[in-house]
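A.B. asks: What follows is each chain in one-letter form.
Protein chains: 2
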Amino acid sequence: MAGPIDFYFDFSSPYGYVMSEKIDALAARAGREVRWHPILLGVVYKVTGGAPLPGLPLKGDYAKRDFPRTARFHDVSFKLPANFPIATQAAARAFYWLHDQDAALARRFAQAAYRAYFIDGTDISAPQAVVDVAQGLGVDGATLGSALADEAVKARLKAACETAIAAGVFGSPFIIIDGEPFWGVDRLPQIERWLERGSF
Amino acid sequence: MAGPIDFYFDFSSPYGYVMSEKIDALAARAGREVRWHPILLGVVYKVTGGAPLPGLPLKGDYAKRDFPRTARFHDVSFKLPANFPIATQAAARAFYWLHDQDAALARRFAQAAYRAYFIDGTDISAPQAVVDVAQGLGVDGATLGSALADEAVKARLKAACETAIAAGVFGSPFIIIDGEPFWGVDRLPQIERWLERGSF
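Keeping their order, the protein sequence lines are chains E and Z. With this note's numbering, letter number 80 in the first sequence gets 556, and the count goes up by one each step, no holes. With this note's numbering, letter number 142 in the second sequence gets 618, and the count goes up by one each step, no holes.
No lab work stands behind these hints, which were simulated from the structure alone. Nothing here was measured: the structure is a model prediction, and the numbers come from that model. Please note that the accuracy of each hint is not assured.
[As the list claims (entries may be wrong)] Straight-line Cα separation of at most 27 Å, BS3-like style, residue types lysine-lysine; simulated pairs:
1) Z:630 with E:540
2) Z:522 with Z:535
3) E:522 with Z:498
[As the list claims (entries may be wrong)] Simulated restraints, written as ranges between beta carbons of each label pair:
4) E:675 with Z:628: 49 to 59 Å
5) E:665 with Z:531: 25 to 35 Å
6) E:480 with Z:625: 40 to 50 Å
7) Z:556 with E:480: 27 to 37 Å
8) E:654 with Z:580: 26 to 36 Å
9) Z:563 with E:634: 57 to 67 Å
10) E:595 with Z:665: 52 to 62 Å
The C-beta atom is built at its ideal place from N, Cα and C for all residues, glycine as well.
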C-alpha cells in the first residue's frame with residue numbers, strides 16, 4: 477500500500493468540510509489510508525499573521541458567496557451556520573481523545589461533527605453539542621465531557637497543532653501526500669493527478 | 477452573444493499569468509468576449525490588508541512550490557523570475573495606453589509581457605523592458621516611453637484599479653461573469669461549469 481494521506485482541517489472551515497466529504501473515497505481509489513488531523517486555525521494564524529476569511533474586506537463577502545457555490549460544485553450539502561466562524565477546541569479535543577482509543581470511531585465522529593455544524597447548523601463550539609454528537613455514535617457522554625476539560629487532552633491538541641505547523645500547515649484543508657503539500661479544496665484536481673501518477 | 481468575461485490580473489501574478497493562457501480559449505468555446513483589466517495588487521492590498529504571497533510565513537514557501545506545479549498542471553510554461561514579485565505600473569500603464577487605441581493590440585501586449593516575465597525572466601518592472609515588448613509588436617517605442625510618464629496615463633491606471641476594487645476585486649486572477657465573481661486560477665473548473673450552464 478502506498479503511503480498515507482495526511483488531512484489537516486479546522487472544524488469551522490467550510491472548505492475543510494467539503495474536503496472531508498471527498499478525501500476518503502479519493503484515497504480508497506488510490507489504495508491509500510487517510511490520517512485525519514483536526515487543528516485550530518487560530519493557533520496557525522498566530523504564526524502566519526492570517527485572519528478568518530469572513531471578517532476580511534472584500535474577501536469576506538466573496539468567501540460567503542464562494543462557500544456554498546464550492547459545496548454545490550462538489551455535490552456536498554452545505555448551509556452557512558448562523559454562528560460562524562466558531563472556536564473548535566471542544567470538537568478537536570474530542571477527536572484526539574477518541575482517536576487514541578479508536579481511530580475509526582474518531583473519523584466517524586469528525587464527519588458527524590462537521591455535518592452537525594455545516595448541514596444542521598448545530599453550534600459545535602459548545603462542549604455539550606460535541607458530547608451530543610459523540611453520544612450519537614455510542615460514546616459515553618459523561619466520560620467524554622470530563623475529558624474535554626482534561627489537561628492531558630488539551631496538551632494533546634496543542635501538540636497536534638504544533639506538529640502540523642512544523643509540517644508547514646497554514647490553512648484548512650491542508651493535504652500532505654508523499655511530502656507534497658496541497659492547500660485548499662480547490663487543489664482536488666491536482667491531488668487526483670498526484671495520486672494517479674505519483675507526481676507531475 | 478452572451479455577456480463579456482471580465483478578467484482582472486496583476487502582471488506580477490503567477491496565477492494571473494496561468495489564467496491569461498487559458499481564459500481566451502475558454503471564452504471562445506462559450507461564445508464570449510474577454511475584457512482584460514490589469515490592476516496593481518499593491519493598491520488592492522491597501523484596502524484588504526493583504527500582502528504579497530512570497531513573504532508570508534509558511535504560505536510563502538508553499539506558494540513558491542505551488543506556482544510551478546500549478547503551471548505544469550495546466551500545461552503552461554513557467555519559470556519563477558529571479559526578481560519576484562515586481563512593481564507592474566509600467567506594464568499596466570502601457571496596456572491601458574495601447575487599449576485606448578487598439579484593444580486587440582493591448583491584449584497581444586499583455587500576453588507578450590506576461591511571457592517575457594514568466595518564461596524569459598525579463599524584469600518588466602523596468603519601463604524600457606515594457607517598451608521593448610511593445611516594440612516587438614510594432615508599437616513606436618519613443619511614443620510609448622513618453623506615455624508611461626504621462627499624468628493622464630497614470631490617472632487611467634489609477635481609475636482602473638479603483639473601478640476593480642469597487643467591483644469587489646481583491647486578488648489576481650479575478651474573473652467576473654454575469655456578475656458572478658471567481659478568484660484564482662483554481663476556480664477554472666467552476667468557471668467552465670458556469671459558462672456551460674449559465675449558473676450552478
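A.B. asks: Each hint should be assessed against the structure and marked as holding or not.
C.D. replies: Hints versus structure:
{"no.": "1", "hint": "Z:630 with E:540", "in the structure": "violated, 34 Å"}
{"no.": "2", "hint": "Z:522 with Z:535", "in the structure": "holds, 20 Å"}
{"no.": "3", "hint": "E:522 with Z:498", "in the structure": "violated, 36 Å"}
{"no.": "4", "hint": "E:675 with Z:628: 49 to 59 Å", "in the structure": "holds, 50 Å"}
{"no.": "5", "hint": "E:665 with Z:531: 25 to 35 Å", "in the structure": "holds, 28 Å"}
{"no.": "6", "hint": "E:480 with Z:625: 40 to 50 Å", "in the structure": "violated, 58 Å"}
{"no.": "7", "hint": "Z:556 with E:480: 27 to 37 Å", "in the structure": "holds, 30 Å"}
{"no.": "8", "hint": "E:654 with Z:580: 26 to 36 Å", "in the structure": "violated, 45 Å"}
{"no.": "9", "hint": "Z:563 with E:634: 57 to 67 Å", "in the structure": "violated, 42 Å"}
{"no.": "10", "hint": "E:595 with Z:665: 52 to 62 Å", "in the structure": "violated, 23 Å"}
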